[in-house]
Amino acid sequence: MLRYKLKKRGIFVPAVWVFTATLILSVIFLRPNIIAVLGIPFGSTAAALTYFSLRRYTYSLTVLQRELILQRGIMFTTMHRIPLRYITAVGTLQSPLQRLTATTSMYICTSGNILIILGLSTADSENLRMTILNGRDV
Amino acid sequence: MQYRHFHPLYTLKYINYGLVLCLLPLVRAVLDFNWQQFLVALQQDAFILIVMALLAGVLWYFSGFEITDSSVVLHQGLFFRSNVTLSRDMIAAVECVRPLTYRILGGTQVIIYFKSAFPLKKITLHFFTKDAIQAADTLLPVKNMPTVFEPTGATRLVFVMLSANVVTSCVFAVYSIKRISKILGTQVEEYALHGITELSHFLELFIPAGISMLATFVLLITVLTLMLSLLRTAGFVVGRGGGIILTKGGFITKIERRVSAVCVNFCDVRLTPFARVLRYTPVYITAGGYRSDTPLFVCRMGQEAMLQRLLADFTMPTHKMCVVRKKSLPVYIWLPASLCALLIALICVAANINMIGMIPVLSLLLLFALCNLGIEIEAFIKEGFCKNDNRTFSICYGRIFTRHTVCIFSHDISFTIQQSPIAAKDGRCNLYINTPARVRLRARDAIPHRVKTVSFNL
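Protein sequences appear in the order of chains A and B. Going by the working numbering, 637 is the number at position 129 of the first sequence; the sequence numbering is gapless. Going by the working numbering, 240 is the number at position 135 of the second sequence; the sequence numbering is gapless.
For reference, chain A alone in the conformation it holds in the complex (with noise of 0.2 Å):
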């Protein structure tokens, strides 16, 4: 059995996207008031990075000898059971705030339902995607 988490920075990443999309969106719309302007998108990053910490702790990905078990959600859970041998692809995405981190965007697919996972470390995404690759083929 082997279990992934996601790293501490992995999460700073989708917070400083949030930063970025909403000073682009206050600056457009909100361009005379400084307090709204600069408030907004420091603000959204502080709720941001609460959600994606306490996310952090109830996310996990757990990947049995046959099956890959990923749970999350803060007070309404979820969790997905795939066979390791229905995965019909494993990639993995890295933009250039990523590659300074050293995280990933992950995505599995089967054929009914796709999982993207943020804030992994490139090793273990790398180890990850290895281990259901080998593991399909049990």
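In case anyone wonders, no lab produced these hints; they're calculated from the structure. Remember, predicted model here, so these are calculated numbers, not experimental data. Incorrect hints may have been included.
[As the list claims (entries may be wrong)] Part of the chain B face toward chain A, derived, beta carbon under 7 Å:
1. Ser519
2. Ile522
3. Phe561
4. Leu563
[Said to hold, decoys possible] Just some of the chain A residues that point at chain B, by a computed CB distance under 10 Å:
5. Val571
6. Arg574
7. Met583
8. Thr586
9. Leu592
10. Arg593
11. Thr596
12. Val598
13. Gln602
14. Cys617
15. Thr618
[As the list claims (entries may be wrong)] Taking lysine to any residue and the SDA-like style, the derived pairs with C-alpha atoms no more than 25 Å apart in a straight line are:
16. A:Lys513 - B:Pro526
17. B:Lys557 - A:Ile582
18. B:Lys283 - B:Leu335
19. B:Lys353 - B:Val323
20. B:Lys530 - A:Ala597
21. B:Lys530 - A:Thr586
22. B:Lys530 - A:Ile582
23. B:Lys530 - A:Gly643
24. B:Lys530 - A:Thr585
25. B:Lys487 - A:Thr586
26. A:Lys513 - B:Gln523
27. B:Lys557 - A:Tyr512
28. B:Lys557 - A:Asn642
29. B:Lys492 - A:Thr570
30. B:Lys557 - A:Thr558
31. B:Lys227 - A:Gly581
32. B:Lys487 - B:Leu472
33. B:Lys557 - A:Arg563
34. A:Lys513 - B:His554
35. B:Lys492 - A:Leu578
36. B:Lys530 - A:Gly581
Glycine residues also receive a C-beta, built at the ideal position from the N, C-alpha and C atoms.
Based on the hints, put chain B in the right spot on chain A.
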């Protein structure tokens, strides 16, 4: 292997794009409200249509296909050429549709559905009829097809009633009226409304005035739906040969469907209100990107095992589906019960403020809401899932007047389990089964331990 062209109806798609482009000059002319501008817009439209027709013609000339022993190779595109090979092992179903206009022109629309609905669910092609038959025979060949189901007599009537689809019929009716009024240039909508009003006045002689308009609409929709269903299911035959399920039928639009039996993801036995009255159940199948809109089969209630002649692995649930005492009734009935309470309150208000005419309509709506409440209470008792003795999964759930009992054949499934804090405390969870058809089947209030420990078929 010979290179052949598609049917000229292939160009229809591009001409339709042209028609959409034609709207742009017309909208500009309407906004300017200028007659000269309108004439210019018409000239521009004619130019756009001619250009699109020429482009479509060129695209048709450079597009074509080849049929080999086990595959169909498509060549499409002018600047960006695409060569796609459709082989037998990629295909779940092939549908050959021949509406009246296509039959006159000797063409057939062939819709090819893939095994998995992701990334591409289906592809639509236009062939000459002879080529369409050859392509279908190449992709999903049918050998020695014995007829398994051919509705005749009373079964035919039952089949027509159970195949009727109110929603599509209403959409079809509204679309047809709009098309006719556009072609004839007359206000067909007004004539239709006038006719409906006259009919409702006639019905007022027999039923209360408040309910007559509603009754007229229900009557019209029922007649229309049954007529369309009668035309759609004329000459309907189902057979199975060489691992392929073949269905044929239709009067104005002839449809032939070939479904690979091994690709059938699940079959759905639906218990609709009509089915409860008639004591027959319609059965629908889903295979990859293909979802049937007409029942594959109708069988007497309690004799669903007859379906094994078409789908050998089919079974009704062989184990207990749920534990009722662990379920929560409000989860099921909060919506229909709220609706019933609201309607009862409205009836009381209508009675108090002397709006007696509204009471029959509201009572009728209350009756529908009560029926839905009954279905949800039944779902509370029966909804659940189990793994059968033959390793298939069964899931049972209620949704909008209908109870679905689904037998999942596909092994390629995954589970999603969701829990709210209250459900976690009570030991309940919602189970979603993800199938290759991109359809999620939901069973509420399942037992988490059972869901987490049930083994997949590997």
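Here's how the hints hold up against the structure:
no. : hint                : result
1   : Ser519              : 4 Å, holds
2   : Ile522              : 4 Å, holds
3   : Phe561              : 4 Å, holds
4   : Leu563              : 5 Å, holds
5   : Val571              : 14 Å, violated
6   : Arg574              : 6 Å, holds
7   : Met583              : 5 Å, holds
8   : Thr586              : 5 Å, holds
9   : Leu592              : 9 Å, holds
10  : Arg593              : 5 Å, holds
11  : Thr596              : 8 Å, holds
12  : Val598              : 14 Å, violated
13  : Gln602              : 22 Å, violated
14  : Cys617              : 7 Å, holds
15  : Thr618              : 5 Å, holds
16  : A:Lys513 - B:Pro526 : 23 Å, holds
17  : B:Lys557 - A:Ile582 : 19 Å, holds
18  : B:Lys283 - B:Leu335 : 23 Å, holds
19  : B:Lys353 - B:Val323 : 30 Å, violated
20  : B:Lys530 - A:Ala597 : 36 Å, violated
21  : B:Lys530 - A:Thr586 : 15 Å, holds
22  : B:Lys530 - A:Ile582 : 15 Å, holds
23  : B:Lys530 - A:Gly643 : 34 Å, violated
24  : B:Lys530 - A:Thr585 : 12 Å, holds
25  : B:Lys487 - A:Thr586 : 24 Å, holds
26  : A:Lys513 - B:Gln523 : 20 Å, holds
27  : B:Lys557 - A:Tyr512 : 19 Å, holds
28  : B:Lys557 - A:Asn642 : 23 Å, holds
29  : B:Lys492 - A:Thr570 : 24 Å, holds
30  : B:Lys557 - A:Thr558 : 30 Å, violated
31  : B:Lys227 - A:Gly581 : 35 Å, violated
32  : B:Lys487 - B:Leu472 : 23 Å, holds
33  : B:Lys557 - A:Arg563 : 22 Å, holds
34  : A:Lys513 - B:His554 : 24 Å, holds
35  : B:Lys492 - A:Leu578 : 22 Å, holds
36  : B:Lys530 - A:Gly581 : 15 Å, holds
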